[in-house]
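Engineer: Each chain, written out:
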Amino acid sequence: MTVLEEIQKPNLTREEMEYAVRKLGRQPGSVEWAMLEAEWSEHCSYKSSRQVLKQLPTKGPRVLVGPGYDAGVVDVGEGWVITLHIESHNHPSAIDPYGGAATGVGGVVRDILSLGTRPIALLDPLRFGKLDSPHSRWLFENVVRGIGEYGNCIGVPTVGGEVEFDESFERNCLVDVVCVGLGKKKDLVMADADTLGDLVYLVGGSTGRDGIRGASFASRVLTEKSDTERSAVQVPDPFAKKLIIEAVLEAVNSGLVRGMKDLGGGGITCALSEMAAKGGTGMRIELDKVRKREPDMHAAEIMISESQERMALVINPKMEDRLIQTLEKYEIPYSRIGTVTNDGQLTITMGGDIVASAPSRFVAEAPLAHHSSRKPVYIDKLEKTNHPDAPKDLGRTLLRLLASSNIASKEWIYRQYDHEVGIRTLVKPGDADSAHLRLPNGKRLAITIGGNSKRCYLDPYWGSVGAVSEALCNLAATGAQPLAVVDHLQFGNPNNPEVYWTFKETVRGITDYLTAVKVACVGGKVSFYNEDAETGTAIKPSPVISAIGLVEKQTRLIREAFTGKGNDVIIVGETGPEMGGSEYYEHIHRVTGGTVPRVRLKTEKKLLAAIVRTLRSNLALSAHDCSKGGLAVTLSEMAIKSGRVGFKVDLDKLPGKAGRIDEKLFSESPSRFILETERRKTNRVIRSFRRAGILAGKLGETTDDQHLSFGDRMQTFRLDLSEASDIWGRTISEIMEVRSQ
Amino acid sequence: MPQVAVVQYPGSNCDLDALEVLQKIVRVKTDLVWHKQLTHDNYDGYILPGGFSYGDYLRAGAIAAHSPSLKIVREAAKAGKPVLGICNGFQILVEANLLPGAVLRNANLRFICKWINLRVDNNKTPFTRKMKMGQLLRVPIAHNEGRYYLEPEQIQTLEKNGQVVLRYADNKGDTTMDANPNGSLENIAGICNPDHNVMGLMPHPERASQSELSPYNNAEGRLIFDSMIETIRERNEGRR
Chain A
0 MTVLEEIQKP NLTREEMEYA VRKLGRQPGS VEWAMLEAEW SEHCSYKSSR QVLKQLPTKG
60 PRVLVGPGYD AGVVDVGEGW VITLHIESHN HPSAIDPYGG AATGVGGVVR DILSLGTRPI
120 ALLDPLRFGK LDSPHSRWLF ENVVRGIGEY GNCIGVPTVG GEVEFDESFE RNCLVDVVCV
180 GLGKKKDLVM ADADTLGDLV YLVGGSTGRD GIRGASFASR VLTEKSDTER SAVQVPDPFA
240 KKLIIEAVLE AVNSGLVRGM KDLGGGGITC ALSEMAAKGG TGMRIELDKV RKREPDMHAA
300 EIMISESQER MALVINPKME DRLIQTLEKY EIPYSRIGTV TNDGQLTITM GGDIVASAPS
360 RFVAEAPLAH HSSRKPVYID KLEKTNHPDA PKDLGRTLLR LLASSNIASK EWIYRQYDHE
420 VGIRTLVKPG DADSAHLRLP NGKRLAITIG GNSKRCYLDP YWGSVGAVSE ALCNLAATGA
480 QPLAVVDHLQ FGNPNNPEVY WTFKETVRGI TDYLTAVKVA CVGGKVSFYN EDAETGTAIK
540 PSPVISAIGL VEKQTRLIRE AFTGKGNDVI IVGETGPEMG GSEYYEHIHR VTGGTVPRVR
600 LKTEKKLLAA IVRTLRSNLA LSAHDCSKGG LAVTLSEMAI KSGRVGFKVD LDKLPGKAGR
660 IDEKLFSESP SRFILETERR KTNRVIRSFR RAGILAGKLG ETTDDQHLSF GDRMQTFRLD
720 LSEASDIWGR TISEIMEVRS Q
Chain B
0 MPQVAVVQYP GSNCDLDALE VLQKIVRVKT DLVWHKQLTH DNYDGYILPG GFSYGDYLRA
60 GAIAAHSPSL KIVREAAKAG KPVLGICNGF QILVEANLLP GAVLRNANLR FICKWINLRV
120 DNNKTPFTRK MKMGQLLRVP IAHNEGRYYL EPEQIQTLEK NGQVVLRYAD NKGDTTMDAN
180 PNGSLENIAG ICNPDHNVMG LMPHPERASQ SELSPYNNAE GRLIFDSMIE TIRERNEGRR
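Residue numbers (numbering that gives the first Met the number 0), protein chains in the order written: chain A, 0 to 740; chain B, 0 to 239.
FYI, nobody ran anything at the bench for these hints, they're computed from the structure.
Be aware that one or more of the hints could be misleading.
[Said to hold, decoys possible] For lysine-lysine, the following DSS-like pairs were computed, each having C-alpha atoms within a straight-line distance of at most 25 Å:
(1) A:K552 / B:K23
(2) B:K129 / A:K442
(3) A:K53 / A:K604
[As the list claims (entries may be wrong)] Which chain B residues face chain A? A few, computed with CB under 10 Å, are given here:
(4) C112
(5) K123
(6) Y148
(7) M176
(8) D177
Just so it is clear, the structure is predicted and the values come from calculations on it, not from any experiment.
The beta carbon of each residue, even a glycine, is placed where N, CA and C say it ideally should be.
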């Protein structure tokens with residue numbers, strides 16, 4: 000079947016088709032059907048999620064633009080703004096990991112550019128199957144290369160990321176990209192076409208048959224035939240993107256651009272219908288003017304092609320000459336494809352004939368899809384899992400955890416990313432829980448990610464609360480005040496009531512957490528259909544949260560490496576017997592089950608504030624939040640990163656309800672921090688936490704004997720720092736450099 | 000008053016970084032010059048910045064090396080003015096035959112971004128005059144094609160002329176295999192022409208010119224720019 004024949008059978012439900020006929024008062028033509036299919040795809044329309052997402056808090060004192068635009072915008076003072084967005088390219092990456100990942104970066108960079116801001120940093124949350132599978136290694140290798148080569152070439156540093164390996168991602172890897180932009184508030188451009196007579200320009204790449212129906216492809220489950228759908232994957236051209244970035248920013252800074260939107264999912268259809276709908280206008284577009292790279296393209300193909308590196312610009316006719324000058328300087332191809340009208344209609348012509356004509360708002364706003372939801376039966380069953388016995392050799396257990404690919408060093412990944420370009424990166428990958436970038440107003444921006452699919456599978460509500468908490472704790476552990484978050488919500492097929500229930504629980508969890516800490520969600524993305532029809536497996540529910548924070552005053556940079564011997568080691572927060580989804584259960588005992596850790600929503604805001612206050616007063620030398628692998632891994636990482644400082648801790652002093660030694664060592668109770676303090680300051684620090692109603696206590700001290708020593712009144716054990724460091728450091732690179740050959 | 004040009008090619012991406020360091024840190028008058036606008040040798044010194052000029056199509060630096068702007072750079076080099084190529088700028092200078100040898104794909108076939116040590120093996124060049132012989136500079140690399148290569152018999156000539164300026168070294172200053180990030184011949188990181196006024200290096204001194212950006216809290220990359228500007232000042236005074 001040719002693409003064209005397929006387009007004539009839209010991938011829409013019967014209700015949607017009936018709605019279209021009713022609203023339009025006639026049968027849509029083939030081009031109109033193709034447009035509706037693209038724009039009403041889950042990918043572009045959020046038709047299954049919009050209603051549920053409404054509950055998220057989206058306003059805050061610094062929030063200038065919330066969800067609904069290409070990126071959220073936050074005011075960081077002195078006339079500067081930060082833009083933030085997260086996108087994924089899961090379906091394309093599953094069949095073409097290099098091209099899929101690279102164009103994923105390209106897409107989110109365009110979103111940031113659409114607001115007239117310069118992309119200044121990328122972060123990449125990734126999820127793959129386990130690395131003992133050759134298929135997962137192939138995906139991992141090429142996704143990392145795709146992200147690296149694209150980001151490196153366009154000169155945007157990749158400053159952080161997060162990876163999780165789990166069987167449920169074997170076929171459906173998750174490739175998410177976060178992009179941060181920087182700009183002047185006065186230069187912000189919105190995706191509105193609100194002025195009659197303005198000109199519509201299409202700049203950048205030409206339009207071809209690549210990425211045809213990409214949005215619709217991403218809105219279905221993968222099948223055994225998906226491999227033959229490579230034409231749905233776009234082709235990356237980072238060099239062209241770099242030129243577009245420079246040309247567009249030059250045009251924006253010269254005040255030449257009135258409205259702008261990138262061409263991503265849904266191509267021309269999505270960009271133009273949404274700009275016109277937002278501006279309350281219409282557009283008249285001549286497809287003959289669109290530059291094409293292939294002959295004989297059908298109007299429908301032009302309307303929905305997702306060829307990369309294209310931007311739609313709406314400009315005042317008076318600015319036309321200057322815009323052309325700028326584009327020609329950078330040798331960027333362009334064409335004027337139409338004008339903004341006041342009839343509210345999106346009118347598309349080709350060869351003098353009208354091939355499509357529909358109200359822009361009707362095209363841009365898909366009818367909602369309704370789904371039923373049901374709590375999956377497995378949830379209650381898995382929660383009641385029995386505790387496995389504690390292993391005898393705890394030292395060996397800790398070494399095995401340090402060698403788990405979910406915990407081991409991610410240096411193999413970030414060495415391949417240019418994380419320095421732009422000369423803003425103050426805290427580099429691997430140095431602390433958040434990356435820090437310097438801003439032109441003298442402040443520092445902190446950026447980080449939180450996510451934990453294993454927990455979200457067992458309990459999507461508390462798992463999601465934990466994911467947002469993880470991100471905000473990462474900010475706090477570097478002394479940054481939270482500014483805003485974006486969320487990426489990734490699930491299987493929403494028509495499955497159990498999947499849809501996990502989606503609703505996830506949004507409820509994120510909402511409750513953000514409400515409790517008073518932080519806004521300024522944007523995000525939903526990706527459904529991460530499911531593989533061949534094996535019938537859906538991914539574990541995977542919300543991924545990216546958070547940004549601000550350090551207003553120049554305080555010392557806090558990293559996670561211990562700084563020297565003879566200092567005190569303090570723990571803040573409570574450790575409970577909450578082992579569900581922990582790396583200890585999953586990796587050591589191969590147990591999926593148990594109780595998922597619960598954040599104390601009532602005290603979380605106070606806790607984060609107290610941590611930030613302590614770090615800003617220079618009362619701690621180093622800090623690290625406790626996450627995967629629990630207390631034992633957190634302490635080990637602080638020692639490993641120092642390269643020379645060991646520690647000795649007494650587990651009897653650990654605050655909280657954890658009783659067994661394995662719980663104390665490996666529980667992943669949330670909202671806990673390890674601080675290294677000078678001995679003379681320890682009491683002051685502990686008192687200040689207790690005054691705020693937060694449990695904190697001294698666990699032990701740092702040493703120069705190169706040992707990681709743990710003990711309670713019953714037993715002690717210790718590891719050599721060099722052995723721990725070696726196994727943690729080499730696991731992933733060894734798998735990737737030796738086995739892949 | 001010295002005046003420097005940072006030449007911008009389509010795909011340059013360390014151009015703004017070099018500009019910022021020269022203007023704000025080294026405090027020298029510097030223009031960002033779009034390659035097509037470089038039609039006359041009006042500057043006292045030139046910097047070819049890092050990036051992926053012309054998308055690294057064909058070979059890294061190959062297309063920029065044949066652009067008309069290189070005629071001006073060549074003219075300036077001939078007149079004895081300092082010309083510095085950083086990363087992709089180094090690749091351009093090699094492709095333009097202003098520097099000998101070739102810069103090949105990293106030995107591990109991967110892009111590498113990390114902080115390394117450079118050992119100063121000639122402190123008499125216009126770019127290293129403010130350093131001591133054997134001094135270590137900590138600066139980052141970030142490249143996919145940084146493995147320097149030259150016919151082994153030509154290396155001796157290079158050595159004899161003092162053209163090997165910078166080598167990758169360990170913390171003790173030894174040029175070990177482990178200290179060599181990309182497999183460069185004899186750990187070579189930076190070389191100059193026989194007249195010493197054209198230098199190329201793979202590492203990024205502009206990323207190590209402010210201590211807050213360095214994990215070691217240093218700013219040793221700056222010495223390269225400081226040396227270059229001192230050279231220009233001296234040349235300008237000599238002419239007066």
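Engineer: Run every hint past the structure and note whether it holds.
Structural biologist: Each hint tested on the structure:
1. As the CA atoms of K552 (chain A) and K23 (chain B) are separated by approximately 21 Å, the hinted pair is consistent with the 25 Å bound.
2. Simply put, K129 (chain B) and K442 (chain A) have alpha-carbon atoms about 33 Å apart, too far for the 25 Å limit, and the pair is violated.
3. For the given pair, K53 (chain A) sits about 23 Å from K604 (chain A) by alpha-carbon distance, which is consistent with the 25 Å threshold.
4. With a cut of 10 Å, the hint placing C112 (chain B) at the interface with chain A holds, because the nearest CB-to-CB distance is about 5 Å.
5. Using the Cβ-Cβ criterion of 10 Å, the hint placing K123 (chain B) at the interface with chain A is not satisfied: the shortest such distance is roughly 29 Å.
6. For Y148 (chain B), the interface hint is violated, since its Cβ never comes within 10 Å of a Cβ in chain A; the closest pair sits about 22 Å apart.
7. The criterion of a C-beta within 10 Å of any C-beta in chain A is not met by M176 (chain B), whose closest approach is roughly 16 Å, and the hint is violated.
8. Hint status for D177 (chain B) relative to chain A: violated, with the closest Cβ pair at about 14 Å, above 10 Å.
When held up to the earlier numbered hints, the structure conflicts with 2, 5, 6, 7, 8 and fits the remainder.
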